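Peer 1: Residues in the sequence shown are numbered from 1 upward in steps of one, following my numbering.
The reader is advised that the hints may include incorrect statements.
Mimicking SDA-like on lysine to any residue, the simulated pairs with C-alpha atoms at most 20 Å apart in a straight line are [as the list claims (entries may be wrong)]: (1) 631 x 642; (2) 461 x 512; (3) 1079 x 1064; (4) 231 x 1058; (5) 139 x 198; (6) 133 x 145.
For each label pair, taking beta carbons as the anchor points, the in silico distance ranges come out as [said to hold, decoys possible]: (7) 780 x 364: 55 to 61 Å; (8) 910 x 1091: 27 to 33 Å; (9) 981 x 936: 17 to 23 Å; (10) 379 x 588: 26 to 32 Å; (11) 930 x 1064: 26 to 32 Å; (12) 939 x 1000: 26 to 32 Å; (13) 980 x 113: 43 to 49 Å; (14) 733 x 156: 50 to 56 Å; (15) 548 x 335: 40 to 46 Å; (16) 256 x 379: 41 to 47 Å; (17) 460 x 379: 20 to 26 Å; (18) 156 x 555: 46 to 52 Å; (19) 733 x 90: 17 to 23 Å.
These are calculated hints, taken from the structure and not from any lab test.
Everything numeric in this text was worked out from a predicted model, so none of it was measured.
By construction, the Cβ of each residue, glycine as well, lies at the ideal position given by its N, Cα and C atoms.
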Amino acid sequence: NVLPILKWVRGDQFTSSHWVEINTLLQLPPNTKPEKLTFGMVLGSSENIIKNVDTLKELNRRAQGEIIIRDAIREIEMWGVGAAFSLTDYEDTNKQTVKLIKGWKDIFNEVGDQQCLLQSLKDSPYFKNFLDKATIWEKRLASLDEYLQNLYQIQHKWVYLEPIFGRGALPKEQNRFKRVDSDFRAIMTDIQRDRRYVSLVNQVGLCDQLKTMVDQLQRCQKALNEFLEEKRSSFPRFYFIGDEDLLEILGQSTKPDVIQTHLKKLFAGIHTVQFNDDCSQILAMRSLHGEVVPLRQQVLISNDVEMWMNSLAIEMKETLKDLLKDCLRESQTGQPGPNNYPSQILCLVGQIQFTQQCENAIKQNNLNGYLHEVKHRLDVLTRQNVKCEDILELKLKALILDMVHGIDVIQQLMAANVTSVTDWHWQKQLRFYSKNTNLCIVKMVDAEFNYTFEYQGNVQKLVHTPLTDKCYLTLTQVNFIFLFVNDFFSLTPLQSLDVKSMGRIFIGLVKCGAWGCFDEFNRLEPPVLSAVSMQIQVIQDAIKSKSKHMELLRKNIEIDHNSGIFITMNPAGKGYGGRQKLPDNLKQLFRPVAMSKPDNEQIAEVILFSDGFKEAKMIGRKLVTIFNLSKQLLTPQQHYDWGLRAMKTVLRGCASLLQKARDEDVTIDETVESMLVVQALRFNTLSKLTFSDSSVFDSLVQDIFPGVSFKDIQFENVAQAFREVCQEQNLTVDESQVKKALELYEQLKQRMGIVIVGPSGSGKSTLWSVLRQALAKIGQTVKQYTMNPKAMPRTQLLGHIDMDTREWTDGVLTNSARQVVKEPLDIHSWIICDGDIDPEWIESLNSVLDDNRLLTMPSGERIQFGPNVNFIFETHDLVNASPATISRMGMIFLSDENINMKGLVQSWLQSQDELQQMKLSTWIDDYFYSALDWVIRQNDLVVETSLVGILKNGLSHLGQAKSKAHFAVCLIRGLGANLNPKSRAALAEEVFSMIGETPPDSQHILDTYYDEETGRLKTYTLQDGLKDEHLDLNSLEQGSQLPIIKTVDVQRNLDYFSLWLQDKHYHPFILVGPEGCGKSLLLHHCFQQLRSVSVATVHCNAQTTPLHILQKLDQMCLIVSTNTGRRYRPKEGERLILYLKGINLPRHDKWQTCQLIAFLRQ
C-alpha cells in the first residue's frame, strides 16, 4: 500500500522548512537532516505515510508553488544586479562630452516586465511566505519606474534646451537652467560610475531632486515658448520659420551671414541684401536672379531683430512705392528705361498704362489704332539685343508676356464691339489703376484690391489664356465676398500637419495679411480636416465682420483683412492615392473651382514668342501636335507624361538653345528655329521613351518637321570628362550610356526632380555617380545626400513634431534639405532617393518638385530651395506614383534593351588577372553568350531577377575556370543555380554539347564536377566523411552541430554556393528551398570551414524591421570613425556574414514594399 505514495516524500522541491514538517508527519527524530535520512527510516514510517497522504500531497504542491515564486524572485534579483544603462556620447555647445542614456524604450519594457512578473506572483496561494521580499522589490521597482520616467523627461528636455541656453538665449532664465544643467550632469556622472538601474533607487533625495528638475525645465520651456511667441507676434513672418532658425536669428541678429541665410525664408522676393562697409546698415535688396533694388532709406541693423526686420519690410514697400511714382512720371514723357527699375515696377506701370490707354481708346472708339500701337511696342521689345544680360532678358520677357496678353484683350474688345468702359467685356478684365491715396488698386468687375507692394523679385509670369482669365475672375469675386477658394490644381504644397500646426500657420497668415495656399489638402486625415474647418470658420467670420481681433488656439489675434486661404487638391481616387473627400462642414467654407484643360497651343506660342522665336505660332502648333500624337500612338507607359509640365521643359530647352545660338552669332531663320526646337524636343523626350517607342517618336518628328535634320545637344566637355572617369574606374565606355548621362545633365538643368527608371542592374546609380565625378573634373562641385526612403518609417524620413512640447525633430530628408540650402549657388547638391516610390512620402515633396521649390514642414517652417539643388529618384517602376508626381519629374528611362551585355562582361574580365583574361575571353565569346541567350529564352527561373542579375550569376563561377571542361561546369553552376531542376539539366546538356565535352554519366548530368588533380570531369559519389568526426549523443542533439553526410546532392549543392562565401569571390546570395531541405545545415557547414569570420544570425518573422538588424550589428561589431564616416567592423574576425533566416517572412506595406528588404538593398 505504501509503494504508490512513496513519491510524495521524494522531496525534490523541499527546503529545510518542508523537511521539518516531513519529520513531524512521519514521526522521525526532530533533528533528522535530509542527507542523514535513509530509505529504511522512510519504510519504517509507512503507517504515518499512509495516514497523512493528503497532507503530504498538499505539502508537495506548496513546495512546487513556492519554488516557482522563489525562482521568480531570484530572477528579479539577478536582473537587478545585471541590468545596466547603455550610454552614448553627446557634445554640448561648449564642445564638452556628456554621457546620455540611450535605448529608453527597452529600459521601460524591462522594468515593466519585472513589475508584471512580480504582480503575477501575488495570484499564487503560496505568496504570503515571500511577502517581505516581494514588497521590497515592489516598492523598489515602483520607485525605479518613477525615477526613470522623470529622468527621461529631463534628458529629453535638456537635449532640446541646452543648445538654446548654451548660446546665451533668455538671460532671465539662464540661472534656472544652469542649476538644472549642473544637477543633470552630476546625475549622469553618477550613472556613468555605476550603470545599474537599481543604483538610482539607492541615491538619497533623488526623487525630490528629479521632480524639481522636471518642474524647472518645464518653466524654462514655457519661458522659451512665450519668448518666441512674443517675437513672432512682433514680426508675424517669424511664424513661417522653425524655432531653431528663429533662435539663431535672435542670437546673432547683427551677423551678415546669418541674416543672408534666413532672409529668403521671410521675404518671397529677397534672396540676399547688400550692406555698407561695416555691415551696420542694409543698402539694397537682391533677388535670386541678381536684380538689385537700392533702398530709399538705409535700414539700421540692431540687436532688436524684430524691429529692424519690420523696418526692412516697411522700407521694401516704401521703396517700391517711390519707384512706382518715378516710373509713372517718366512714362508720361517717354518709355522708362528697363535698367532703371525692377521688373515688378516695370510690369506694374505697363499694366497701369495699358488700362488707362485702353479706356481712352474705348472712349474715343480707336481700339484698332491702339492695337497697332501696342504691336509696334511689342516689335521694338522683341528686337532688343540682350546678349549676356540675364536680368534685362527676364524683364523683357515679362513685359512681352503682358503685351501679348494686352493684344489679346484688345482683339476681344474689338470682336465684341465694345464702346463703353462699363461694358462687361472690359469690366471682366484684370485692370490696374493709379490712385493718389493708395498708389495702385486692382479691379476685376466689382472686386477691388489694394496693391500691397511686396517685392516679388523676378518670378516667372503666367501666360494669360482664357482659362487663366476665368480663374482670376472667379478667385477675385470669391475673395471679395470673403469666401475662400478650393481649386483642383496644384500651387503650394502641404505636408501631413496636425491641428495645432495648422492653427499656428493660420495665425501667421492672418497677422501678416498673407495669402496661404495649401496643396494636396485632402491628404490630411479626416479628423484633422474636420477640426481645421472650425479654425477656418473663425477666420472667415472675423474677416466678414471686419473684426480687428479674433480668438484662435486660445490666443487673441490681431487680423489683417488682406488675408486669404486657398486650398488646392487632386480628386480622391482616379489614380491619386492617399486622399480623402472633404467633409461637408469644410466644403461649405470654400468656393469650388474645377480647372479644365489648359490651352497648350496658346501657351507654347506665347512662351516661344517671348523667348525670341519669330515663327512661334507655327512652331507652337507643331509642338502641341507632336505631344497629342505621342499620347495617342506611343505605348501607354506609367512614366510617360504628355502634359503642360513636360511641354514647358521642352520650351525652356528651346529658349536655352536659341540664346546659345545668338551668343555664337548664328543667323536665325525659320529653318534654324525648327532645327533648335527639334533638337530640344528630342533631347528632353527620348530620355524617357522605351526602346521601341523611340523610333516611332522620331518618325513623328520627321513627319511634323519635314526636312529638319536630327542633331543631338552637344556637351563635349561633360561627355569627355564622363569617358575619362569611366576609364579611371575600369568601366567600359558605352556611348549609349554617355548619351543617357548627357540627357540626365540636361534634365538636371531643366527640372528640380528627376527619376531614373529601370530594372535592377541597369546602371542607374552608376549613371549619376559617374556624372557627378565628371562634373567635378570640369570644375563643378556637386555634393550628394543618398538615402532609401522606404528603408525607414515616414517620420524618420520627413521628421516629426512632439505633441507635448511642439518640438520639431528633423528626419533624414529634411536634415539633408537644411544642409543643401546653406550652400552657395555655385555649389550644386543632389538629394538622391534610391528606393520604391509611393504616394505616402513622395507627394509630401510635390511643392518641392514644381516651380515653387518650397518644402513646408508641420512646424510652420518653410525651406526654399535654390536652382543649385536637385532631387534624383531611383526606382524600378512608377506603378504607385500618381499623375501629380509623374508630371513634375524629368524622366531618364533605362531598359534591358539599353544594356550593353558585352560591355558588362568586358568590365568583369578587366577585374581578372591577365593570364585568366586571355583564357576566358575566347571561351566567353564562343560559349557564354549562347548559353545566356538559352537561359533567357527558357525563362524558368526560381527567383525572378533582372537581365543583369542573370548575367552576374553566370559570371560568378567563371573566374576559377582552368580548362574548357572546367569552364563548362562553372557555366552550368552559374547560369543554372537559379533554374528549376528540369531546365538546369537541359542547360547542362546544351552547354556540354556546345563545348564538345562528354559528361561521365549522361543519366545524372548535374552530378558532374571537375577534378582539379586529374584535370578531368568526374561524377559525385557518396563520401565517407564521418570517420574523422568525433561523435557522441550530445553532438547529435545539437541541431546546428549535426555532422554532414556528403551525399551526391550535398556535394553538388555545396559547390553551387560555397564559392560565394570565400574572400576573393564573396557575394550576397539567397538560398531557396522547401522547409527541412537542409539549407541551414549546409550553410553552417560552410561557415565552419571559413577562417576569421563571424556569423550574425537573424531569425526573421513578420515583425522584423531594420532596427533588429542594427541591434544585431551593434552586438557583433564595433563602430569605428573614419574619414568617410562611421563604419561597422566585426569584434571578432576580419569579416562578418549576416545570415537572415526566413527573409521572405517580414511583412510588406500596402504598396508592396518590405522595409527590411529596402534597408538591406542599401
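Peer 1: Broken hints, numbered, in rising order?
Peer 2: 2, 3, 4, 10, 18, 19
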